[in-house]
Amino acid sequence: MTIAIALAYLVAAVLFILGLKQLSSPKGARNGNFTAALGMVIALGATIPLLHFSRTGITIIAIGVVIGTVVGVFGARMVRMTAIPQMVALFNGVGGGAAALVAVAELLRFGNHPAFNEAFPSVFSIVIGSVSFAGSMVAFAKLQALLTGTPITYPGQQVVNGLLAAAIVGFAIAVLAVASIPFSFIALMVLALILGVAFVLPIGGADMPVVISLLNACTGLAVAASGFTLNNFALIVAGTLVGASGSLLTKLMSDAMGRSLGNVLFGAFGQVQKAATAAAGGQARSVRSASAEDLGTLLAYSQRVIIVPGYGLAVAQAQHAARELADVLEKRGVDVEYAIHPVAGRMPGHMNVLLAEANVPYEQLKEMDQVNDDFKNADVALIVGANDVVNPAARSTPGSPIYGMPILNADQAKNVIFMKRSMRPGFAGIDNELMYGPNTVMFFGDAKDSLTKLVAAVKAA
Amino acid sequence: MNNELLNELTFFVLAIFVGFEVISKVPTILHTPLMSGTNAIHGIILVGAIVIAAGAQTPVEIALGVVAVTLATTNVVGGFVVTDRMLEMFKGRQPARPSTPQETKK
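Chains as they are written, first to last, in the working numbering: chain A, 1 to 461; chain B, 462 to 567.
Errors might be hidden in some of the hints.
[Unchecked claim] Straight-line Cα separation of at most 27 Å, DSSO-like style, residue types lysine-lysine; simulated pairs:
#	chain 1	residue 1	chain 2	residue 2
1	A	Lys-414	A	Lys-448
2	A	Lys-366	A	Lys-453
3	A	Lys-414	B	Lys-486
4	A	Lys-251	A	Lys-331
5	A	Lys-453	A	Lys-414
6	A	Lys-27	A	Lys-376
7	A	Lys-376	A	Lys-251
8	A	Lys-27	B	Lys-486
9	A	Lys-366	B	Lys-486
10	A	Lys-21	A	Lys-251
11	A	Lys-376	A	Lys-414
12	A	Lys-376	B	Lys-486
[Claimed, not checked] Pairwise CB distance ranges (calculated):
#	chain 1	residue 1	chain 2	residue 2	range
13	B	Leu-470	A	Leu-176	13 to 21 Å
14	B	Thr-471	A	Arg-109	21 to 29 Å
15	A	Glu-357	B	Leu-467	15 to 23 Å
16	A	Ser-184	B	Ile-523	17 to 25 Å
Derived by calculation from the structure, the hints in this document are not laboratory data. Ideal Cβ placement from N, Cα and C applies to all residues, glycine included.
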């Protein structure tokens, strides 16, 4: 490696660090993304003179870059804002896959008897990269509703996953020690892919952000390991930065949900049965529902209304209708606020992005800690397509999968209007006690239609 | 253990500490964009993919090279673009609209 290239990699590494720093404050976040992208361009540019390209090499690189760019740009620009979390999962998965393939290619090039310090990082990268790829695809499928969001469990699951992990370690040792078996790493790759799927299946859809963040950190480590194999400093530094900051971010995210990481990852084992029976017990009970006119009158003569938006609002693209309702209420002198749970939508910050898109004034968006004491003074808590984030079971039912998650105190409002498409449980797959509360009125229907009806009813009231 | 490996280990360990320090204080609403941003950064594996693709000769090497470059490019480009799209929403916020609830209160 020449000095110029080494210096260029150093500049790239500094830009990545500065980019991450800027990304963690609201002011500089967008610039931070540009800073990191600039670092990427420099690192890529510095790599070109390092290599001797064959004609074939240039062709396949061009093909890959063109396809990847088209897929990346179209995927990222065309996706609806509500589907962004699964796009992140997808982009993370392909990165993990790329890291595993790079390691495979290197391992093949080393031949039959690679030195340990070259073979070990390759094997590490193959395993972690494959787990990350397969896990991210399952996370994508769950968020895209191709797979059910409820945890998929079966008896003895922990044992099976444990055996899978043990088999991977065994094969890894075999590949490292008896490397003369050609293509022995294929078995390793297949096992790691299976483990990736098996690891994410039992985790509920509501916990996917944490899982994606963890897999993101894993991909970072796989990339760093590939860097050791290739003796490339840019890969080592950037991959490790992502691995470390991603691990910390994963912890911060599970902290924001009031849970330990272990509980998020392994909490579903053995707990679903309990929750399932609780849910079954709830089916027989009745709920109150009311007409748009009644609810319009209730809203119009309130002093203070707190809107609790959730994913149902997002999928129905109802953020504009919600703002319209807030506008007509404010014209009548009603105070309107939005209570944003940290994980409202599908990911932390997701709901803020959606409401900002509808030009909801920033000062009406209240974070959970700011707004939670206001609910008892509110006349109406209007829950639009949210469910788990207002479920009192998080406070009161120790067996519940969401027990311990901080929730919005919507149940303390004088009246609760619960807008929902049906009685189906939320993303965490559990019943919500609040729907049966004495102050609660259900208003069934698509969030957008329902809000439009309420707007008309308030205007008429 | 040769010198190069020693250097690499040094970078690795220092980068772990920097990675932890640099995002230690981050507000909840930025968790998703930050995750997405770091996601784009590990797209640096594109450098590795280009390295293996550049000298690819056998059919297996060519296949690995083209798939790895495609996946890695998707990671980099998609990662940065989707992060920018999220952050766009934070920047373009209109100033508070001219509604004055106090005055219209009856």
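Here's how the hints hold up against the structure:
| no. | hint | in the structure |
| --- | --- | --- |
| 1 | Lys-414(A) with Lys-448(A) | holds (24 Å) |
| 2 | Lys-366(A) with Lys-453(A) | holds (25 Å) |
| 3 | Lys-414(A) with Lys-486(B) | violated (37 Å) |
| 4 | Lys-251(A) with Lys-331(A) | violated (43 Å) |
| 5 | Lys-453(A) with Lys-414(A) | holds (22 Å) |
| 6 | Lys-27(A) with Lys-376(A) | violated (33 Å) |
| 7 | Lys-376(A) with Lys-251(A) | violated (32 Å) |
| 8 | Lys-27(A) with Lys-486(B) | holds (14 Å) |
| 9 | Lys-366(A) with Lys-486(B) | holds (20 Å) |
| 10 | Lys-21(A) with Lys-251(A) | holds (18 Å) |
| 11 | Lys-376(A) with Lys-414(A) | holds (7 Å) |
| 12 | Lys-376(A) with Lys-486(B) | violated (31 Å) |
| 13 | Leu-470(B) with Leu-176(A): 13 to 21 Å | holds (19 Å) |
| 14 | Thr-471(B) with Arg-109(A): 21 to 29 Å | holds (26 Å) |
| 15 | Glu-357(A) with Leu-467(B): 15 to 23 Å | violated (51 Å) |
| 16 | Ser-184(A) with Ile-523(B): 17 to 25 Å | holds (22 Å) |
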